[in-house]
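> Sequence:
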Amino acid sequence: MASEGLRPPKLRSPLSMNELHITVVEADLSHPDHQAAILQLLNAYSMDPMGDGKPLSDAARRGLIPGLRQHPTTIVFIAHGGAEPVGLAVCFRGFSTFAARPLMNVHDFFVSPAYRGAGVGRLIFAEIERRARQLGCCKLTLEVLENNHRARSIYAAAGFSQPVYGPGLGASLFLSKSL
0 MASEGLRPPK LRSPLSMNEL HITVVEADLS HPDHQAAILQ LLNAYSMDPM GDGKPLSDAA
60 RRGLIPGLRQ HPTTIVFIAH GGAEPVGLAV CFRGFSTFAA RPLMNVHDFF VSPAYRGAGV
120 GRLIFAEIER RARQLGCCKL TLEVLENNHR ARSIYAAAGF SQPVYGPGLG ASLFLSKSL
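The letter at position 65 of the sequence shown is residue 64 when you use numbering that gives the first Met the number 0, and the numbering goes up by one with no holes.
Because the hints were derived from the structure by calculation, they are not lab data.
One or more hints might be untrue.
Pairwise CB distance ranges, derived in the manner of DEER restraints [as the list claims (entries may be wrong)]:
hint, residue 1, residue 2, range
1, PRO31, SER171, 33 to 43 Å
2, HIS20, ASP57, 28 to 38 Å
3, SER29, LEU168, 36 to 46 Å
The structure displayed is predicted, hence computed values, not measured ones.
Glycine is no exception: its CB is placed at the ideal position from the N, C-alpha and C atoms.
Construct all of the structure, not just a fragment, from the sequences and the given hints.
This is the structure in structure tokens:
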């Protein structure tokens, strides 16, 4: 299912279009156009200073789509401005043991720079939330760089906050260990 209807004002970009119709679809990972859009957008995200600051490696490019297809909880959303892919969210379902219900983690979230500020992120989050509710999820989770203030403000506007699970316990932190 796609969310539709947001027509942003003129974009500050080199594009010749004055107005775009933004749509968000849940990707079909077996569809070549969706595969190409995912690779294009994730590579752009990887090159972004708030991503990895460099293109995806050849190994990552080769393994991305097969890996996403093999992972049993993958859900990917693609935003289009007209025919052009302009935004992406790669999500994975998880499970909350305390709630005994599924959750959805937004693992990668990216909007092309020329489309930032046009409401694309808001539409992607609406579609993520719609799908998560449909799956019976108890919450959405994500991680963000501490100094990525633009993303943090977008996430806050979408209702995300750093969780505190009890008085005096402090806020939750996301930790990682590379293997």
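> Are PRO31 and SER171 spaced within 33 to 43 Å by their CB atoms?
For SER171 against PRO31, whose Cβ atoms are near 40 Å apart, the range 33 to 43 Å holds.
> For the range 36 to 46 Å, tell me whether the beta carbons of SER29 and LEU168 fit it or not.
With Cβ atoms ~44 Å apart, the hint holds.
> Is the gap between the beta carbons of HIS20 and ASP57 within 28 to 38 Å?
Holds: the Cβ-Cβ distance is about 35 Å, inside 28 to 38 Å.
When each numbered hint is compared with the structure, no violation occurs for any of them.
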